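Chain residues, written in single-letter form:
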Amino acid sequence: KAGVTQTPRYLIKTRGQQVTLSCSPISGHRSVSWYQQTPGQGLQFLFEYFSETQRNKGNFPGRFSGRQFSNSRSEMNVSTLELGDSALYLCASSLQGRGEQFFGPGTRLTVL
Amino acid sequence: GESVGLHLPTLSVQEGDNSIINCAYSNSASDYFIWYKQESGKGPQFIIDIRSNMDKRQGQRVTVLLNKTVKHLSLQIAATQPGDSAVYFCAETDPWMDSSYKLIFGSGTRLLVRP
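Chain order of the listed sequences is A and B.
Taking the working numbering, I'd label the letters of the first sequence as residues 1 to 112.
Taking the working numbering, I'd label the letters of the second sequence as residues 1 to 115.
Note that these hints are calculated values from the structure, not bench results.
One thing to keep in mind: the hints can contain errors.
For each label pair, taking beta carbons as the anchor points, the in silico distance ranges come out as [stated by the list, open to error]:
{"#": "1", "chain 1": "A", "residue 1": "LYS13", "chain 2": "B", "residue 2": "ASP31", "range": "14 to 24 Å"}
{"#": "2", "chain 1": "B", "residue 1": "LYS42", "chain 2": "A", "residue 2": "GLY16", "range": "26 to 36 Å"}
{"#": "3", "chain 1": "A", "residue 1": "GLU52", "chain 2": "B", "residue 2": "GLU15", "range": "22 to 32 Å"}
Sample of chain B residues lacking proximity to chain A, with all beta carbon distances greater than 10 Å (derived) [unchecked claim]:
{"#": "4", "residue": "PRO44"}
{"#": "5", "residue": "SER52"}
{"#": "6", "residue": "LEU66"}
{"#": "7", "residue": "ALA91"}
{"#": "8", "residue": "SER107"}
With a straight-line Cα cutoff of 30 Å, these simulated DSBU-like cross-link-like pairs (lysine-lysine) come out [claimed, not checked]:
{"#": "9", "chain 1": "B", "residue 1": "LYS42", "chain 2": "B", "residue 2": "LYS71"}
{"#": "10", "chain 1": "A", "residue 1": "LYS57", "chain 2": "B", "residue 2": "LYS42"}
{"#": "11", "chain 1": "B", "residue 1": "LYS56", "chain 2": "B", "residue 2": "LYS68"}
{"#": "12", "chain 1": "A", "residue 1": "LYS13", "chain 2": "B", "residue 2": "LYS42"}
{"#": "13", "chain 1": "A", "residue 1": "LYS13", "chain 2": "A", "residue 2": "LYS57"}
{"#": "14", "chain 1": "B", "residue 1": "LYS71", "chain 2": "B", "residue 2": "LYS56"}
{"#": "15", "chain 1": "A", "residue 1": "LYS13", "chain 2": "B", "residue 2": "LYS71"}
{"#": "16", "chain 1": "A", "residue 1": "LYS57", "chain 2": "B", "residue 2": "LYS68"}
Owing to the predicted nature of the structure, the values given are computational and were not obtained by experimental measurement.
Backbone N, C-alpha and C fix where the C-beta goes; we use that ideal spot for every residue, glycine too.
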């Protein structure tokens with residue numbers, strides 16, 4: 001069974017731009033969560049989607065948004081990029097949202 | 001590889017020795033805990049989990065201990081191997097969301113295994 005995939009793996013953007021990251025969960029998994037990882041703040045929860053609905057949200061500004069499609073694939077969008085948005089963005093999937101979460105390799109975003 | 005933390009506490013152990021990684025969690029109401037391993041350039045990988053109604057759980061070469069009185073979690077790795085070198089995170093869950101788990105991660109510990 002294929003694992004969680006994330007695209008692209010690396011991305012370089014400039015301040016003020018916007019970016020869209022994609023996550024394909026493990027087949028059959030309906031819950032997708034997104035996390036931001038930085039050296040200073042560690043791993044922080046962004047949001048969780050289940051059956052195309054956002055069920056849970058972390059403490060991030062409204063510039064961070066996401067969505068989930070009917071095939072459970074998810075995208076997250078960051079608008080008006082700031083230097084501090086440079087991070088590794090991780091996606092995790094699970095069957096129902098409870099229990100073990102399987103992480104993808106992440107997308108490394110660099111904002112210049 | 002990618003750095004997951006510039007100032008992580010580091011545990012250095014000799015190959016073959018046992019390792020103990022500690023974690024203090026924040027919420028006394030947390031009911032589910034997970035240990036993850038993250039290698040350079042990869043996402044976190046599940047190691048073992050434990051629910052709050054248990055004190056100890058064993059896996060293959062790993063044991064997790066939970067002390068709810070002092071809000072402390074530990075991961076014991078037996079006969080540590082070079083492949084165990086990684087950053088280890090504990091995570092607790094937000095108990096207020098019945099429908100899903102929101103993982104709250106600790107800051108991580110870097111484990112270095114000396115040959």
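We went through each hint and held it up to the structure:
{"no.": "1", "hint": "A:LYS13 <-> B:ASP31: 14 to 24 Å", "verdict": "violated (39 Å)"}
{"no.": "2", "hint": "B:LYS42 <-> A:GLY16: 26 to 36 Å", "verdict": "holds (31 Å)"}
{"no.": "3", "hint": "A:GLU52 <-> B:GLU15: 22 to 32 Å", "verdict": "violated (48 Å)"}
{"no.": "4", "hint": "PRO44", "verdict": "violated (5 Å)"}
{"no.": "5", "hint": "SER52", "verdict": "holds (14 Å)"}
{"no.": "6", "hint": "LEU66", "verdict": "holds (17 Å)"}
{"no.": "7", "hint": "ALA91", "verdict": "violated (8 Å)"}
{"no.": "8", "hint": "SER107", "verdict": "violated (5 Å)"}
{"no.": "9", "hint": "B:LYS42 <-> B:LYS71", "verdict": "holds (29 Å)"}
{"no.": "10", "hint": "A:LYS57 <-> B:LYS42", "verdict": "holds (24 Å)"}
{"no.": "11", "hint": "B:LYS56 <-> B:LYS68", "verdict": "holds (11 Å)"}
{"no.": "12", "hint": "A:LYS13 <-> B:LYS42", "verdict": "holds (22 Å)"}
{"no.": "13", "hint": "A:LYS13 <-> A:LYS57", "verdict": "holds (25 Å)"}
{"no.": "14", "hint": "B:LYS71 <-> B:LYS56", "verdict": "holds (14 Å)"}
{"no.": "15", "hint": "A:LYS13 <-> B:LYS71", "verdict": "violated (41 Å)"}
{"no.": "16", "hint": "A:LYS57 <-> B:LYS68", "verdict": "holds (27 Å)"}
Hints 1, 3, 4, 7, 8, 15 from the earlier list are contradicted by this structure; the remaining hints agree with it.
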